[in-house]
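Chains W and D supply the protein sequences, listed in that same order. Residue numbers for the first sequence follow the working numbering, so the first one is 1 and each next one is one higher. Residue numbers for the second sequence follow the working numbering, so the first one is 1001 and each next one is one higher.
Mixed in with the good hints, there may be bad ones.
Claimed, not checked - Capping the alpha-carbon separation at 25 Å, the derived lysine to aspartate or glutamate pairs in DMTMM-like fashion look like this:
{"hint": "1", "chain 1": "D", "residue 1": "Lys1031", "chain 2": "W", "residue 2": "Asp86"}
{"hint": "2", "chain 1": "W", "residue 1": "Lys81", "chain 2": "W", "residue 2": "Asp60"}
{"hint": "3", "chain 1": "D", "residue 1": "Lys1159", "chain 2": "D", "residue 2": "Asp1101"}
{"hint": "4", "chain 1": "D", "residue 1": "Lys1131", "chain 2": "D", "residue 2": "Glu1017"}
{"hint": "5", "chain 1": "D", "residue 1": "Lys1131", "chain 2": "W", "residue 2": "Glu54"}
{"hint": "6", "chain 1": "D", "residue 1": "Lys1131", "chain 2": "D", "residue 2": "Asp1052"}
{"hint": "7", "chain 1": "D", "residue 1": "Lys1131", "chain 2": "W", "residue 2": "Asp6"}
{"hint": "8", "chain 1": "W", "residue 1": "Lys81", "chain 2": "D", "residue 2": "Asp1168"}
{"hint": "9", "chain 1": "D", "residue 1": "Lys1096", "chain 2": "W", "residue 2": "Glu54"}
{"hint": "10", "chain 1": "W", "residue 1": "Lys81", "chain 2": "D", "residue 2": "Asp1027"}
{"hint": "11", "chain 1": "D", "residue 1": "Lys1096", "chain 2": "D", "residue 2": "Asp1071"}
{"hint": "12", "chain 1": "D", "residue 1": "Lys1036", "chain 2": "W", "residue 2": "Glu48"}
{"hint": "13", "chain 1": "D", "residue 1": "Lys1131", "chain 2": "D", "residue 2": "Glu1058"}
{"hint": "14", "chain 1": "W", "residue 1": "Lys40", "chain 2": "D", "residue 2": "Asp1027"}
Stated by the list, open to error - Examples of chain W residues toward chain D, derived with CB under 10 Å:
{"hint": "15", "residue": "Leu7"}
{"hint": "16", "residue": "Lys14"}
{"hint": "17", "residue": "Ile15"}
{"hint": "18", "residue": "His20"}
{"hint": "19", "residue": "Pro22"}
{"hint": "20", "residue": "Thr23"}
{"hint": "21", "residue": "Arg28"}
{"hint": "22", "residue": "Val29"}
{"hint": "23", "residue": "Asp47"}
{"hint": "24", "residue": "Gly63"}
{"hint": "25", "residue": "Tyr67"}
{"hint": "26", "residue": "Glu68"}
These aren't lab readings, by the way, just hints derived from the structure by calculation. Backbone N, C-alpha and C define an ideal beta-carbon position, used for all residues, glycine too.
Take a look at the letters that make up each chain.
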Amino acid sequence: MSRTHDLGGLPAGKIDQTEHEPTFFDKRVDALYALLTGPKANAFTMDEVRRTVESFSEADYFGLSYYERWLKAMSLLLIEKGYVEDGTFDIPQAKS
Amino acid sequence: MPHDHPHDHPVSRDHSEPRPAFAALLDQVLKVLDDKDILTTAQVTAQIEDMDGRTPTEGAKIIARCWDDPDYLDLARTDLQAAAGQVGIAMPAYPKFVLLDNTGDVHHVVVCTLCSCYPRPILGPPPVWYKSRNYRARVVVEPRDVLAEFGTTVPQDKKLQVVDSTADCRYLVLPERPAGSDGMTQEQLAGLVTRDSMIGVTRLNVPVT
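Isolated chain W (complex conformation) (with noise of 0.2 Å):
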């Protein structure tokens, strides 16, 4: 099992503490969890989404943005729970 996301404790360096107002698509993919996961899409569930990105490879897990980490995980989980079919998303792959 991928243990990329279990971060405590790891060496790193300083924090970046730059500010950064979300843009309009890290407002709606957010709004997408939410709703998805909420109580009356309930297309999947919250600890499905975390799964889903805990299992990304390293180049995925810190290549990708926060916002596309879970926009490309909830494209996995609608074609995973059948929402749709798999082929429908054009979903970029890791190079790594």
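The hints should help you fit chain D onto chain W, whose structure is shown.
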């Protein structure tokens, strides 16, 4: 040499616009969900508006009232969801929310080492640094050094408690009420409270005028 470092990782893209392939994927997902009547564009817009209304300014109202109203403080300590509701913040039934009192004896700082859990209904989305690899990795082992990067000195003889959030339990730090804030109204008090103080990486002061 940074390139020889075994823990070297690509620079985070969290301050950037998405790459075109991801922008296109988002459009595909939104269209399919709309076509299948799973989610409408109107629902997505409404959800964005809801989240835009959730900011540290809202969370600051809880803090100011905790400082000013002992009965409310008791409620916030036992049922933060209900306390947030009383200042007009619509709260979900789940997960659990917990208030952490910073005092003269103990300073709390919050992290989510595994991902990005955060009291989003109260403070809005977390800052990028909170989600960053370096914050998540370091604050649990060298919290005094990390706080120093935020300009915060916690004396060695003061207990420093690092609290790791989970999907099931989120934390809001109640910062120490700053000296010199006696007699202020709740609105004035709320104006002193910053996002970072409610995460626990900074302390508060009354600005010198």
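Taking the hints in turn, this is what the structure says about them:
1. Distance check on the hinted pair: lysine 1031 of chain D and aspartate 86 of chain W sit about 16 Å apart at the alpha-carbon level, within 25 Å; holds.
2. Between lysine 81 of chain W and aspartate 60 of chain W the CA atoms are separated by roughly 22 Å; this keeps the pair inside 25 Å, and the hint holds.
3. Between lysine 1159 of chain D and aspartate 1101 of chain D the CA atoms are separated by roughly 12 Å; this keeps the pair inside 25 Å, and the hint holds.
4. A distance of roughly 17 Å separates the Cα atoms of lysine 1131 of chain D and glutamate 1017 of chain D; the hinted pair therefore holds under the 25 Å criterion.
5. Distance check on the hinted pair: lysine 1131 of chain D and glutamate 54 of chain W sit about 14 Å apart at the alpha-carbon level, within 25 Å; holds.
6. Distance check on the hinted pair: lysine 1131 of chain D and aspartate 1052 of chain D sit about 19 Å apart at the alpha-carbon level, within 25 Å; holds.
7. The straight-line distance between the Cα atoms of lysine 1131 of chain D and aspartate 6 of chain W is roughly 13 Å, inside the 25 Å bound, and the hint therefore holds.
8. Note on lysine 81 of chain W and aspartate 1168 of chain D: the hinted pairing holds, with a Cα-Cα distance of about 23 Å set against a maximum of 25 Å.
9. This hinted pair checks out: lysine 1096 of chain D and glutamate 54 of chain W have alpha carbons roughly 23 Å apart, not beyond 25 Å.
10. For a cut-off of 25 Å, the pair hint linking lysine 81 of chain W to aspartate 1027 of chain D stands: about 20 Å separates their Cα positions.
11. Note on lysine 1096 of chain D and aspartate 1071 of chain D: the hinted pairing holds, with a Cα-Cα distance of about 21 Å set against a maximum of 25 Å.
12. Note on lysine 1036 of chain D and glutamate 48 of chain W: the hinted pairing holds, with a Cα-Cα distance of about 21 Å set against a maximum of 25 Å.
13. As the CA atoms of lysine 1131 of chain D and glutamate 1058 of chain D are separated by approximately 21 Å, the hinted pair is consistent with the 25 Å bound.
14. Only pairs whose Cα atoms come within 25 Å are accepted, and lysine 40 of chain W paired with aspartate 1027 of chain D is accepted, the gap being roughly 21 Å.
15. A least Cβ separation of about 4 Å between leucine 7 of chain W and chain D falls short of the 10 Å threshold, and the interface hint therefore holds.
16. Among the interface hints, the one on lysine 14 of chain W holds; its C-beta lies about 7 Å from the nearest C-beta in chain D, closer than the 10 Å criterion.
17. Taking 10 Å as the C-beta contact cut-off toward chain D, the hint placing isoleucine 15 of chain W at the interface holds, the least distance being around 5 Å.
18. Hint status for histidine 20 of chain W: holds, given a least beta-carbon distance of 5 Å to chain D, under 10 Å.
19. Hint status for proline 22 of chain W: holds, given a least beta-carbon distance of 6 Å to chain D, under 10 Å.
20. A distance limit of 10 Å between C-beta atoms decides the matter here; for threonine 23 of chain W the minimum to chain D is near 6 Å, and the interface restraint holds.
21. About 6 Å separates the beta-carbon of arginine 28 of chain W from the nearest beta-carbon of chain D, less than 10 Å, and the hint is met.
22. Taking 10 Å as the C-beta contact cut-off toward chain D, the hint placing valine 29 of chain W at the interface holds, the least distance being around 6 Å.
23. With its C-beta approaching chain D no nearer than about 6 Å, aspartate 47 of chain W sits inside the 10 Å limit, and its interface hint holds.
24. Interface restraint check for glycine 63 of chain W: the shortest CB-CB distance to chain D comes to about 5 Å, inside 10 Å, so the restraint holds.
25. Of the supplied interface hints, the one on tyrosine 67 of chain W holds, with its beta-carbon coming within about 7 Å of a beta-carbon of chain D, less than 10 Å.
26. Evaluation of the glutamate 68 of chain W hint against chain D yields a held restraint, the C-beta minimum of about 5 Å falling below 10 Å.
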